[in-house]
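Trainee: Same order as they appear, the protein sequences are chains W and F. The opening residue of the first sequence carries number 1 in my numbering; numbering runs sequentially from there. The opening residue of the second sequence carries number 1001 in my numbering; numbering runs sequentially from there.
If you're looking for bench data, these hints aren't it; they were derived computationally from the structure. Where is the CB? At the ideal position from N, CA and C, for every residue including glycine. Be aware that a few hints might be false.
So, partial list: chain F residues that the calculated Cβ filter (under 10 angstroms) puts toward chain W [what the hints assert, rightly or not]:
(1) V1156
(2) A1166
(3) T1178
(4) Q1188
(5) A1251
(6) V1398
(7) I1407
(8) L1423
(9) A1450
(10) M1451
(11) K1455
Computed beta-carbon distance windows for the label pairs [said to hold, decoys possible]:
(12) F:I1407 - W:P168: 28 to 34 angstroms
(13) F:L1012 - W:S166: 43 to 49 angstroms
(14) F:L1017 - W:V145: 47 to 53 angstroms
(15) F:M1001 - W:V145: 43 to 49 angstroms
(16) F:V1478 - W:S75: 23 to 29 angstroms
Rough simulated footprint, nothing fancy, chain F against chain W, three-plus residues with beta-carbon under 8 angstroms [said to hold, decoys possible]:
(17) 21–35
(18) 78–91
(19) 118–127
(20) 158–170
Okay, here's what each chain looks like letter by letter:
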Amino acid sequence: MKTLQDLFQRYRRPGDFFIAALAFLFALFLLFNLPTQAPWLPRVKTFAQPAFWPGVAVIAMVVFSLLHLIGAMVSERIPGRMAEVLEWIKAVEYAIWFMAYVWLVPIIGYLPATLAFTILLTLRLGYRGWRWILAAAVFGTLVVVIFKGFLGVRIPAGEVYQSLPSGPFRTFVMTYL
Amino acid sequence: MVDLIAGFDLLLTPAVLFALLIGSIGGVIIGAIPGVGAPVAIAILLPATFSMEPIVGLTMLLGIYGSSMYGGSLPAILINTPGTAVNALTTYDGHPMTKRGEALRALGLAYGASFVGGILSIAALILLSPVLARIAPMFGSREIFLAALLGIVLVVIAHRGQTFAAGSLAAFGILLSTIGLEPVRYTQRFTFGFDFLSSGVDLIVVVLGLFALSQGFLLATQPDEAPKGERVVGNMFKAMTGVFRHKRIAAAGSGFGVLMGMIPGVGEFTAQFLTYTYARKTSKTPDEFGNGSPEGLVASESANNAVPAAAMIPLLALGIPGEALTAMMLSVFYVHNVVPGPGLFQNQLDFVYALFMSMMLLNVVVVVFVGLSSNMLMRIIRIPTRFLGMTILTLGFVGVYSLRNSITDCAIAAGFGMLGLVLKRQNLPTVPIILGMVLGGIMEVKLRSAMARVKTPLDFVDRPIAAMLAAAIVLLIVIHIWGIIRERRATSPEDSHDHDIHNSQQG
């Protein structure tokens, strides 16, 4: 049973030190690049300087991430840091799946790419049997019909659609699918 | 009164009513599915609403925002899994009631309390609007700057135990808002020579990455789960009337919800915490809290549902969103070249009233829907979580790609999706990034225009509202530091806490 405090307060998890160190290094990298990436202009008032707000943000990032890092260093270590970082790395696979989908859409078209994505990813996620494949296919088709066909969101027609014989069918496919 | 009637007229168009229906029913279903909350749904639908009239798009998004918490209480009570982050407290008393065989009573109380909280808060805001219309013009550049700064300070200190990380993330958000070509002197900021960064980092791309894609990645990598079905038997509408036995607490919840919703950077959690503490302190049976107390349940659900309407106030009156969902809605205004702010309350009060009345109507539609469909909803939400992850990624693609058909945008969103996943797994908040991004942009513009008339630092706070806001900022920081010092003295050992991923990190 969780206590009332547990419901409102979110406690540290394994990997806190790693993320704190990473955030601090990133903030330092930004700080070193501050003079070249946001130059301080001559004869311009401080608050009107283009570099003022990036400067405030980067300095705040350095200060807060350093305090976070110190906090993580002096806190008791929670076991499981490596396993946690491996969990983050595991998620990269799905980012690659997503980018493959993005890359496919302008080539093979929205509907075929969506069907390929939903069905293959469903299989990859461990679902077997025609019911799941059908559910993924129906979902993919519905998304295309609702968003491109009904709501008319801007997604270009696939390159392969050009090879269809010209006529009303090609126009329909290019406009709605 | 004329504005009220004009607002009603604005509302009574088929497109608005249809958007309201879709938003409210869709919101209940989305809220009821553990793992998808209103932020994911709003992020995905945002680009699709850009082609609609502002009132239509906003009504749909508000519908999802206002109704998701109704849906979220269903799995919270029946299967001890909150449907949305803000229903976590509902599990505390709701589920023990189910275990006692009082599922119908608990659900009825939750829906009833949500309804009372929603309606009372909107009624209060409609009555308050003429006053706000008078106060809003008193907000000049420096007041808006200070209100935005207050929002940043509050969102940082509201994350107790993670203040440093929240501060660092808010600062990162501010930095993101500055990337690209600076609009006054035309200098490049933090573009590192990349052309695609010259136009800046799009808020929608970040929002979709942090809220939608990250959730897709998270669900796809976690072990599969499918909520079990539970049936509720009996008359739900009759059960809802049970809330009138707890009028005092429902009214207190609405009051705290309105107050906390109006303050930028604070939201449902603070409103719930205050109402729950008040309810427990004034109860004749304080020991029952946490073990299935109807009063605790009413406190939780009336407070969270009173927030959405109030959260629109800083957005509409000052142009300052107080949390992630209203920050997303701000982009609907920007796309239509409508700049929310003091002028909106002065000149377009009918528009404001129309939004409030649509929220009132929404509560009625939702109560009827949940009253009739709890068992059907329980069947819908049994989607396994990894499959749900796939659906979120598919829908996330439409959101990002339809913006400007850019593969780079999708790559940036995927990057923020990974960042969001790490933050969620680390129990760290994503909201400070979004608020930093939106409020950072506002602060830069407002500070620049405010400083033109300021000669000495004291000039900055020589107007009453500016002085009050500045005093509030200083006071909050002092109280926060004092609170930390007191907490340190009474610190409990590390292993006495629960180091799991927190409920509120889901969705």
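Trainee: Taking the hints in turn, state whether each one holds.
Mentor: Hint check:
Checking V1156 of chain F against chain W by beta carbon gives a least distance of about 8 angstroms; that is within 10 angstroms, so the hint holds. Given the 10 angstroms rule on beta carbons, the hint for A1166 of chain F holds: about 8 angstroms separates it from the nearest Cβ of chain W. Contact between T1178 of chain F and chain W, as hinted, is supported at the beta carbon level, the nearest pair being about 5 angstroms apart and thus within 10 angstroms. Because the closest C-beta pair between Q1188 of chain F and chain W is about 8 angstroms apart, less than 10 angstroms, the hint holds.
Proximity of A1251 of chain F to chain W is violated relative to the hint, the smallest CB-CB distance being about 22 angstroms (cut-off 10 angstroms). Hint status for V1398 of chain F relative to chain W: holds, with the closest Cβ pair at about 5 angstroms, below 10 angstroms. At a threshold of 10 angstroms, the smallest CB-CB gap from I1407 of chain F to chain W is about 6 angstroms, leaving the interface hint in force. Interface restraint check: L1423 of chain F against chain W, minimum CB-CB distance 8 angstroms, threshold 10 angstroms, status holds.
With its C-beta approaching chain W no nearer than about 9 angstroms, A1450 of chain F sits inside the 10 angstroms limit, and its interface hint holds. Interface restraint check: M1451 of chain F against chain W, minimum CB-CB distance 4 angstroms, threshold 10 angstroms, status holds. For K1455 of chain F, the suggested interface contact is broken, since its CB lies about 12 angstroms from the closest CB of chain W, more than 10 angstroms. Between I1407 of chain F and P168 of chain W the CB atoms are about 31 angstroms apart, so this pair conforms to the stated range of 28 to 34 angstroms.
Between L1012 of chain F and S166 of chain W the beta carbon distance is about 46 angstroms. The supplied range of 43 to 49 angstroms therefore holds. One distance hint, 47 to 53 angstroms for the beta-carbon pair L1017 of chain F and V145 of chain W, is violated here, with the actual separation near 23 angstroms. Range check, M1001 of chain F to V145 of chain W: about 45 angstroms between beta-carbon atoms, so the 43 to 49 angstroms window is met. For V1478 of chain F and S75 of chain W, the Cβ-Cβ distance of about 25 angstroms falls inside the hinted range of 23 to 29 angstroms, so the restraint holds.
Under the rule that three or more residues need a Cβ within less than 8 angstroms of chain F, the assignment of the region 21–35 of chain W holds, with 4 such residues. Only when three residues or more bring their CB closer than 8 angstroms to a CB of chain F does the claim for the region 78–91 of chain W stand; here the count is 6, and the claim holds. Counting residues of the region 118–127 of chain W whose CB falls under 8 angstroms from any CB of chain F gives 6; the rule of at least 3 is met. Counting residues of the region 158–170 of chain W whose beta-carbon sits less than 8 angstroms from any beta-carbon of chain F gives 0, not enough to reach three: the coverage restraint is violated.
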